[in-house]
Amino acid sequence: MTVVQGDAHVVEVAAAGPYRRVRLRIPPIAARLRPGQFAMADLGGALRAPWLPSDADAEELDVLLPSDGRAVPPPGGVVNLLGPLGRPLDMPAPPARLLLVADDRRLPALLLAARRALAAGCPVSLLLSAPSAAALYPLAALPPALEVHLVTADGSAGRAGSPLELLTGGPSPLLSWADRLLAATDPALYPALAQAVRATRLRPPAGYAQALYLPTVVCGVGACGGCAVPAGSGYRRACSDGPFFDLLELEAV
Amino acid sequence: MSVSLHGSKSDLSLRNPLLVAAGCAGLGTEYRGLLDVQSLGALVVGPVTMRARAGAAPPRAVPLPGGLLLHTGLDNPGLSVVLRRCARAWARTPTAVIFHLAATTPGEVAAAGLRLSGVDALVAVELGLPDGADPDEVAALVGAARSALTLPLLVRLPLSSAVWLAEAAVEGGADALTVGAPPRGSAVHEGRFVTGRLYGPLVHPLALRALRQVAGSVKVPLIGCGGVYSTADARAFLQAGAVAVQVDAALWRDPAGVGRMAQELAAAPA
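Chains E and U supply the protein sequences, listed in that same order. The first sequence: position 111 = 111 (my numbering), numbered continuously. The second sequence: position 221 = 221 (my numbering), numbered continuously.
Just chain E, same shape as in the assembly:
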């Protein structure tokens, strides 16, 4: 996989609930980027910021950034990017049913996979959790074919509670429905999620459940050893071996 460093031209910056949607034009990265991969943006700090695009076509990519995060140039400006980086997700093929489990902060990391799976003809459901309705990405901006199950801690949207309450405590209809699972939540929830998978699937195949684990990334290319993730019997690098890992290998997180 060829990694490119180049200037992305900012095409559009638009508010999207608690996010800013930034559209960037950089064909050499956008055309090659696959679900699960990321780019590293130079925003002027000591470290580049890892961006997992929420959408991409042959020329442009979209990123959803927190409204209160680091400043990005306005339309007409440029952001220097390194990418695509990381290992592409092993995407399901139709008629496989894909379940996404995400919290409000990490939802953008799953949206490119959701769009590509839907375009390929896979049914996709999303279990989305947030502290409150105000933290939610606008549901109208999600792909229309995506089935959304909402959980908020304060009950201001969807069901009140935590996402684990829908997935644990016995066989889960959502997990039973799914042929594949993609998760992007607080890694502290992964052991319980892995336990729920094992309770529902007696022998989940390798790669059945993949989960995002993205600590601070330094180089992005596997050179510095800074983004170690405890997976399996040792450490793996989020930037070159991930940032998605087999959920069942992350049980000891």
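Rather than coming from a laboratory, the hints here were simulated on the basis of the structure. Be careful, since some hints might not be right.
[Stated by the list, open to error] Some chain U residues judged to face chain E by a derived CB distance under 7 Å, without partners named:
1. Ala25
2. Gly26
3. Glu30
4. Leu34
5. Gly55
6. Pro58
7. Pro59
8. Arg60
9. Ala61
10. Gly67
11. Asp75
12. Gly200
13. Ala256
For glycine and all other residues, C-beta sits at the position ideal for the given N, C-alpha and C.
With chain E held as given, fit chain U onto it using these hints.
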């Protein structure tokens, strides 16, 4: 501009005074296509230990204002695996390759030195010293490497004790000294203390001061290392008496910029 390090066993000539420091470019292939390797004087690959190490438990990297703290715990698959995986790639690398060996014991250093002397793709070995080593330990480690190696030997001194250890390294047989390994620091990250090496522009004044002090105490070629983010930073080391400069964390931020820096130094070193 070429650089010559006249060693006790053989000389080392580099086409450019700018090198990439150990710990930054991995084992030499990770930046393929991103870094203009051909413009560099050398890539320093590693650090590598005689035996495999799993490395430090995460978190390993802590962002700081103006820099970062990094503690990998020398995560590497060990000398034999590295040589098996990488020696052919080094032979194809369009610049000189220097191997950074992390010193453990004199016995292991000697054993590693014998192995490395037979690797045609390498032009030199840089020995990294353990933190807290005293002059006697440094002399023993460097002496073990020197007697085993047929390649030029560079020794990277810890920045905080470079002046104290420089003479011992030279007496042990170092052909050149790298000043120096990044200083150590601690930070609280997610409620836990993390201790590791500090990277960032503020390391440059520390390293420059140490290099000037070492230049006054020993007569071997010196390589400046620490906080180089611009051609002006690199030239400051050369002005202070270094024959070459290693760039470290700037590579992670801007690999293309490192290539430009090398070209600018080649065009106008001072």
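Okay, the hints, checked on the actual structure:
1. Ala25: Given a least distance of 6 Å, the restraint on U:Ala25 holds.
2. Gly26: U:Gly26 check passes; min Cβ-Cβ to chain E is 3 Å, inside 7 Å.
3. Glu30: holds, 4 Å
4. Leu34: Holds - the Cβ of U:Leu34 comes within 7 Å of chain E, reaching about 6 Å at its closest.
5. Gly55: holds, 6 Å
6. Pro58: Since the shortest Cβ distance to chain E is 5 Å, the answer is holds.
7. Pro59: Holds: closest Cβ of chain E sits about 6 Å from U:Pro59, inside 7 Å.
8. Arg60: Since chain E brings a Cβ to about 5 Å from U:Arg60, closer than 7 Å, the hint holds.
9. Ala61: It holds, given that the least Cβ distance between U:Ala61 and chain E is near 4 Å, below 7 Å.
10. Gly67: holds, 5 Å
11. Asp75: holds, 4 Å
12. Gly200: holds, 6 Å
13. Ala256: holds, 5 Å
Violated hints: none; the structure is consistent with every hint.
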